[in-house]
Structure formats: structure tokens, C-alpha cells
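Protein chains in written order, with my numbering: chain A, 1 to 257; chain B, 1001 to 1398; chain C, 2001 to 2370.
One or more hints might be untrue.
Stated by the list, open to error - As a list, the in silico DSS-like pairs of lysine-lysine whose alpha-carbon atoms are at most 30 Å apart:
(1) A/K122 x C/K2278
(2) C/K2362 x A/K125
(3) C/K2362 x B/K1125
(4) C/K2278 x A/K123
(5) C/K2363 x A/K85
(6) C/K2289 x A/K123
(7) B/K1125 x C/K2363
(8) B/K1125 x C/K2024
(9) A/K85 x A/K140
(10) A/K40 x A/K188
(11) A/K147 x C/K2289
(12) C/K2363 x A/K147
(13) C/K2362 x A/K147
(14) A/K134 x C/K2278
(15) C/K2278 x A/K147
(16) A/K122 x C/K2289
(17) A/K134 x A/K188
(18) A/K140 x A/K188
(19) C/K2278 x A/K140
(20) A/K85 x C/K2024
To be verified - Label-pair restraints from in silico Cβ distances:
(21) B/I1104 x C/G2333: 29 to 39 Å
(22) C/A2045 x B/E1133: 19 to 29 Å
(23) C/G2333 x B/F1040: 50 to 60 Å
(24) A/K85 x B/L1032: 19 to 29 Å
(25) C/N2359 x B/Q1311: 28 to 38 Å
Stated by the list, open to error - A few chain C residues that face chain A, going by a derived Cβ cut-off under 8 Å, partial list only:
(26) Q2264
(27) S2270
(28) P2285
Note that these hints are calculated values from the structure, not bench results. Owing to the predicted nature of the structure, the values given are computational and were not obtained by experimental measurement. By construction, the Cβ of each residue, glycine as well, lies at the ideal position given by its N, Cα and C atoms.
Each chain, letter by letter, is given below.
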Amino acid sequence: MSNEPLNKSLSTDEDVIVIKDLNKWYGSFHVLKDINLSVKKGERIVVCGPSGSGKSTMIRCINRLEEFQRGSLIVNGVEMIEDVKNIEAIRREVGMVFQHFNLFPHLTILENLTLGPIWVQKKPKDEAEAIAMKYLERVKIPDQANKFPGQLSGGQQQRVAIARSLCMAPQIMLFDEPTSALDPEMIKEVLDVMVELAEEGMTMLCVTHEMGFAKKVADRVIFMDGGEIVEENTPHEFFDNPETDRLQLFLSQILQH
Amino acid sequence: MSNEPMPELQPVKSGSFFNNPRNRAAIYQILLLLGLMFFFYTIVSNALANMEARGIKSGFGFLTTTAGFDILMSLVEYDATHTYAKTFLVGLLNTILVSFVGIILATIVGFIVGVSYFSQNWLLKRISIVYVETFRNIPLLLQVFFWYFAVLSALPIVRDSINFGDAVFLNVRGLYYPEVVDEPGSAVVYGSLFLAFVAIFFLRRWAHKRQDETGEQFPVFLTSLGILIGLPLVTLLIMGNPFHLDYPEKGGFNISGGTNVIPELMALALALTVYTGAFIAEAVRAGIQAVPHGQTEAARSIGLREKRIMQLIIVPQAMRVIVPLLNSEYQSLVKNSTLATAIGYPDLFTVFVGTSLNQTGQAIEIVFMTMAVYFAINMMISFCMNRFNESVALVERK
Amino acid sequence: MREFKPLPAQPAPIDEVGVIGWLKNNLFSTPLNSLVSILIIAFLASVLPALIDWLFISANWVGTSEAACKAEGAGDGACWVFVSAWMQQFIYGSYPDGELWRINTSLIALGAVIAAPYLLPNELRNSVGVPLFLVFPFIGAAFLDGRLFGLEYVSTDYWGGFSLNIFLAAASIIIAFPLSFLWALGRRSEMPFIKSVCIVLIEFFRGVPVLALFFMGSVMLPLFFPEGTNVDKLLRVWIVLILFMSGYMAEVFRGGFQAIPQGQYEAADSLGLSYWQKTLLIIFPQVIKISMPNILATFIMLFKNTTFLLIIGIFEILSTTQTALTNSNWLGGHAAEGYIFVALVFWCCCFGMSMISSNIEKKLDTSHRN
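Bound conformation, chain A alone (with noise of 0.2 Å):
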């Protein structure tokens, strides 16, 4: 896999994310500057960036928790059109998982896990408490079942979060800085979840400042910077070939402690 990503053909049956000259404004600040990108099925990209850069923005605009004003966004065959239908469509087939969680404290583990398939997949409710279980198992917490979340430790709650978008079975995963918010010693039990879900070929897009997890995982890693994707590359020359010297300086920066 070498650089050939942006002159690479923008929609292919297996890209199942393209984002095509997608531009956002704030009022009058504008946040997204022609964006370009397209994501193949089962690759695993990772987004960093200074803070403010528009890298959470961007991937909340593929669920269409951000609003954009110019451009398309494919994701799943599906183009995003202003439509409630078509975007609670293209939302069932992408899960997200927040910096803070956001699981809902007046519901248990259980019943946070059983929400979406029992209201918006219309399931049985024996059968979405026996996915529930089996993703409990899967990210190792199943003994929390019924506690609430206000009960569980910051890294606990992040695996039930990685959990509860698991249930609704999306083609994609999006992570929203997922660590951020975590003590260092819960980070790895997060991050392990979300290397193997990678290894079980789950395509991800995953912003996070975790160098470690991306050199292990990406397939490909995009740099931003003012709302703009400044570069795009294998992990490997990514690291250690910046071509810009802004993602020298930034990489610098984050590297040097």
C-alpha cells in the first residue's frame, strides 16, 4: 500500500465512505475546506491533527451529527441527502463512540445496550439482550450488566460505549478521541478492544493522538490542520518521512516528552 490515495478514483464498489469537496462553515468561520477521502471496506484509518484543526468535525459530519453546506457524502451507497429517513438510515449503519462515553445514566449496562436494537432494529427483546451479552463478553465486562453507569470506572464505561455501537451491527465505526478522557492506566484496556475489533476486519475511523495504536493498526494515516487535510500516508512514511514541515513540527510535538 503506497500514497496513491488522492488521485485514487473516488468511488469504487468497495469504498464505502466517499466524502467528496465536503465544506462546513460556522457562521462565517469555515471549518471544512474541501474535503477528500474515501474509505475502502475494512480499512482502518487514523485522524490527528492539532485541537481545533476539524478532525472531529469531519467525522461527525459522516452521521450527520454536523451539518455541512457543500459537498456529498457517500457512506454505504447511500449519498446523505436532507432527508430524516435517509439519515437515520445511513446512522444505523454507522456507530460512534465519544471522548465522554455518553452512555445514558438512567438506564442500566443492559438496558443501554438493548436501546437501539430494540427501538430502531424493532427486535425481540430476548433476542437483542443475547447480542447484548455477547458484546458484553466481547469487550469483558459482563458481570456489569445491571449496575449503571454511574457505578463503572472511565475505561469500564468506554468498553460498554464500544459495545453499545457494536449492537446495532455497523458497517463502520467511528472513534471520537475515545482515550482522551481516560486515567493513563484504563487507555490500554480501551485501546485493546479497539485492536481487535481492527483485526476482525471492521473498518474504522478512529481520530485519536494515540501514535502507538495507529503505527499497530492504520492502514493509513491523515493528518489535518485549518480545516484542511494537510497529508495522508502509510504509518510508516507518516512517521518517519513527513513531507510537511507542518506535521514535522506537530509530530515534534507530540512526540517530545
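For chain A, the structure is supplied; the task is to place chains B and C on it using the hints.
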């Protein structure tokens, strides 16, 4: 402008008509608008039909006709030959009077009781708690009745008035006290009082500036108090006391001279004070408790004296919590003053929604005029309190 | 190595512990404090004995008519006979003697409906508890009225007493729940027209004196109904109370909405929940929980304000008391006794609710960490 051509950007496409969120929003709003139009059409046509059937003329023409009833108490000249517009004014002034008295007294009571909660004196703290918990949990109307029917009605008749030094009499008809009557020269004393306020204003500015520049502090509070009392007192003596007191004189069945407060006003003002005072005390307590204890400790650790800690650290922060709460308490006090109608104190509600409406039957106009007045008073309170709130916020930033 | 031996604890100085220590620290710590304490003690000593004597010792407790208080040898304290003789009216108004069980049943049912959400198992809470809660006011009203159930018809003119205060307040807040939630949602809406309509509604019902609203209900509302229709006065009052309550509750809910982190909406969106699923399954339960103390405070206000209905001639408890005070058999001036009794009844209810409210608040403080 650069010469580069604008990139061709395709706008976001939209889906089926009804699933487009913008179209949905428009449809919902049009439905609501149609519903409201239908609703108002129905009630207006019903109201017109009903009024015609009952022979009520709509409009504000009644305001210029003679009211023909007396009012128990009036701050302006009024008798039965005046118009409904005048009754409106009389009622409005009485409402403002009782609200103003209530707000002032309730604030004083509330702050004293609220601060007492933090007293080191166990008894005082208990009394503060008992006061708040008792009076805010008893309906206001009941308290009004209690003062009016159980306490003030139990006062002696005129002949047996409770007599405070032949100057103040308290009996079942109210509180009688001497009236201050101006004589020539009194304007000078009023003028000196005004001058004292101006002087205090400039003194504060001067003291502040001097402290900024030289670091020296000046006892502003005591000096201000001295000016406020001293200056008018001196002019009073120089002018040879240009006032005299008109003492009430007690006869067998009547008291002549002086001025009086009718028991209706006393009962209402007392009840509003005691009730709202409990809520204000609660607000003050919440405000002071909202300042973390660490603030006091930090202030002590940089060596501020207790008095200065209060003035510079605690009060400005507590006020940020207290002022918005005071705002809503004042507004509910004004709204609650309508209970006057239960004991016959002639406030706006009693004379206008009560008697005037009964006589004219013009329910819609009268109810809406009254509501508009209470709205306006509350907006004014809100406006003042918001200005005050901003100034509190400024103090904090200094 | 040196062995560590803890020092033995020593008794505290005598003036720091026990009764003397307590008195010194709490009543007489400074000269000013001592003066305040002495003044308060003197005041209490002069007032309390007479008050206790009037309230209890010299009070008349037994009897059925005023004569019991006026009789030779009767105490010159409070005449509690007045209260006990009128007790039935104070609680049930003029509801017919033989039908009082209907009021008692309704009161018990009301308690059960309120307790239901806490007692029912999780699965039944939404499917049974909530609908039961919402239809209760209508069933209860029909039951007291009687015609629909084939019971003796009791016109609303005979409803009264403290039970009416309770029923009106409860029936109003129950219906105000969904209504005010809609208003609060509307106020948060991005649709400008819906938003402004909701703002006008909320601010109108909050800004106008409740007494003006009651007058609106009793003198203005009849003008708005088609000619010839006669809508029951109590029903009109109920409508007014619902709208009044909704204005205040909508603001309470708005505060609750603001306390829900944005992430909750985003997480619900990312699961693909629809707007109403998101609102009802995720947001509403959390808003209710956070707002509970303020809802209770608003309810206490509404409950106390039901006494204002006296002014438009509804026979709630205070109105009944006024009637009793002017009754020709009881002209001995029992205002104080009557008011103290009514005050005590309200105080117990309101104080109880405010205790519950502050307990919930404390629990929220510790448990609502996400």
C-alpha cells in the same frame, strides 16, 4: 478577489418533500398557525355573540363615565363622582404603595433572618430556621386572614385605643400617628438632605480614588452616616425647625387629626412582609452558602480582616445568586398583593376587577387592562434588578 | 530501630465539652452573643408560657357545640371544639354524608397512583403506570360526580373542604406534566413560530397574578364558549390551574433540559433513534429526575395557591373556615383556632413535601455523576 475560478461545489441534495426537515418544520408551523387562527376566530365570534346577547358594549368608552362608588383609601383626591379612569389610577397607586412597602420591609426582614442563619448563636440560628420553615409553608391568604381577622380585629375599639405617649394610637380602625406639616423654610431642609446624598456620592468616589493612588483607606461608611444625619440636622436647627406635628386627638368614638394607616393595609403589608421575608431569607442563605468555604480561607490566608472578607469576597459572590432570586420574589410579591381583594384593601384588583367589573360587566377590557398593569410593573422590577445584577457583576470584576 | 509509641489521648479542657462547653460555644461566646441570647430567652419566657397555656392547658377539647367553651368552669383558652365540630366540613365540604366513602376511595387511589411509578416493576412502569397516572384525574372526577358510574349524582357545588384542595392541585399538576413538557420542548425548538407561541404562553401564565387568571376563568371564559353552553365553574378553574401550573413547570423543565449534556443527544442520534424516541426514551426520564426538586417546589406553591379559590367562591378549606366563623351558632370569635388548624394542615403537607424535595436534591448531588 483572486483570479482563480470558484471551485464548482454541489450543494447538499434534498430528499422527498415530506422527509426534508425544513419542509416538515414549515408544515408543523403552518398547522399551528391555522389551529391558532381557528381558535381565536371561535372565541372572538363567541365573545361578540355573548356580549351582544347580554347587552354589553365592547370598547374602552366606560373609562370616561362616572364610577359612582366610594373608595376606602386614596392617595389622590377621589369621590364617587369621578370616572372609572380615576378609579383605575386610585387602585394603581394603592397597589404600588402596598407593593413598595412590602418589598422594602420584606427585604429587611429577609436579610436579617437570612444572615441570622449563619450566626454562631445557637438560639438565633434556630429562630431563623423556624421562621423560614413556618411562614413559607403556610398559604399567604391564610396569613392575610390571620392578621386581619384574628389579630387586628382583636384590637380594642377607639375609646380603649392602645396609647403610645398620646401621639400614636392603635385600635381596631387602624394605626393613628402624627402628621408632619411643612412650614415655610422646609424646602431648605429637604434640599440639605438631597445635598447630603450628593456629598456622599462624591466622598465615596474621592475615597476610592485616594485609596487607588496612595493606598490610604478612609472610613467611608461612618463619615457617610455622619453627613446623612448631621447636615439635615444642622439646617433644621438653623432654620428654627420649619415643621410642626399634627397630633391625632382621641374622642369618644373618633380620632381627629394626624394621619392613619387602615387595618386592611396593615394586614396585607404585614402578611406580604412576613411571607416574602421567609423566601428572601432562604435566597440569602442559598447565596451565602453558594460561596465555597475555601474563599473565606483564602481571604484569611492573605491577611484580610473579617469585615473586609465579607465586603470584598463573600458579598459580591453571594449577590450573584441572591439578586436573580430577589427579582422573582419581588415579582411574586406584587402579584400576591392582589389578595387585597379578600379583605377589601382598595388596590387595583379590588376597585377595578372587583367593583368596576361588577358595575360595567366589561370583563375582557378590564381583565386585560389589569393584567397589562401587573405585567408592566413586573417588567420594571425585572429591568431594575437586571441593572443591579450587572452592577454586582462589575463590583466582582474590580 | 526505634519503636513508635502513640501518645495516649488526654481529656479535653473542661470548658470545651459537656453542657458548659456547649453553652459557652453556642450561646455566650462573645459579649454581643450573650446579649442576644439573653434577649431571646427573655422574649421566649414571656411569650411561650401564655401561648402554651392558651393552646393546650386552658383549652377546651371536648364537646359538640359552642356551649362547651362558654360553660361555667370551661377553660379560657382555645376552643378546639370549634375545629372538631366542623371537622367534616373542613375535610369533605358539603359532600353528602352517605357518599363520603367516594372521597376516601379517591384519596387512597390518588396515593396509589403517585406511588405506582416507584412500586411497579420496570417493565410495567411505562406501559401501565404512566397511562394510569394521566387518566386518573378524569376517572376520579367522574367518580366523585357519580353519574357515569351509576352512583348518586353529587353536583360540584357540594364538593369542598381540604379534599378539594388536594384533588384540584393533584389533578392540575398531572395534566400540566405533558402540557408543560410540550411547551418547554417548543421553547427549545428551532422553528421560530412554534418557539414564539410557546414563549408567549409561558410568560403570560407566569407573569399574570394567579388571581387575575381565576377571574379570567370565572368571568371571562364563559364569554368565549358558544352561547348557551354552561361549563361547570370547577372545570373552568381546573383549566386555569392547569395552564398556570404549565407555565411554571415549563420553566422548570427548561432548566432540566439545560442540565442534560449535549453528548446525550448525540449518542441518541448516533444510534439512529428518531426525534420522539430520543426525546421520550433518553431525554425525558433524565429531565424529570433532575427537575424533581423544582417540580415539588412548584407544586407546593400551587397547593398553597388553591386557597385563593375562596375569592371566586369555591368552597375549599379556607372558604369553609370563613363560613364556619360567621355561622350564627359559633359567633364567639374562633378565628385564631380556625386559622391555626388550617395552617397546621397546610404546614404539615408543605413541610413534608419540602423535606422530600431536599432529600431528592441531596441524592441527586451524590448520584448524578456521569
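Exercise for the section: Starting from A/K85, check that the Cα of C/K2024 is at most 30 Å away, please. Expected result: violated, 74 Å
Handout entry: 30 Å limit on alpha-carbon distance, applied to hinted pair C/K2363 and A/K147
Key = Judged against 30 Å, a Cα distance of about 17 Å means the pair holds.
Exercise for the section: Would you mind confirming whether the straight-line C-alpha gap from B/K1125 to C/K2363 stays at or under 30 Å? Expected result: holds, 25 Å
Exercise for the section: Mind checking the alpha carbons of C/K2363 and A/K85 for me, to see if they're no more than 30 Å apart? Expected result: violated, 40 Å
Problem - Satisfaction of the C/P2285 interface hint, Cβ to chain A closer than 8 Å - result: Where the cut-off is 8 Å and the nearest Cβ of chain A is about 5 Å from C/P2285, the hint holds.
Problem - Restraint check for A/K85 with A/K140, where alpha carbons must lie at most 30 Å apart - result: violated, 35 Å
Handout entry: Satisfaction of hint between C/K2278 and A/K122, Cα-Cα up to 30 Å
Key = holds, 15 Å
Problem - Proposed proximity, B/K1125 with C/K2362 (alpha carbon, max 30 Å) - result: holds, 22 Å
Handout entry: Given pair status - A/K140, C/K2278, alpha carbons within 30 Å
Key = Answer holds: C/K2278 to A/K140 is near 28 Å, not above 30 Å.
Handout entry: chain A contact restraint on C/S2270 - CB to CB distance below 8 Å
Key = Since the shortest Cβ distance to chain A is 4 Å, the answer is holds.
Handout entry: Supplied distance hint 29 to 39 Å, evaluated on CB atoms of B/I1104 and C/G2333
Key = holds, 33 Å
Practice task
Starting from the range 28 to 38 Å, see whether the pair C/N2359 and B/Q1311 falls in it by beta-carbon distance.
Solution key: Given a distance of about 36 Å, which is inside 28 to 38 Å, the answer is holds.
Violated hints for the displayed structure, listed by number in ascending order: 2, 5, 9, 20.
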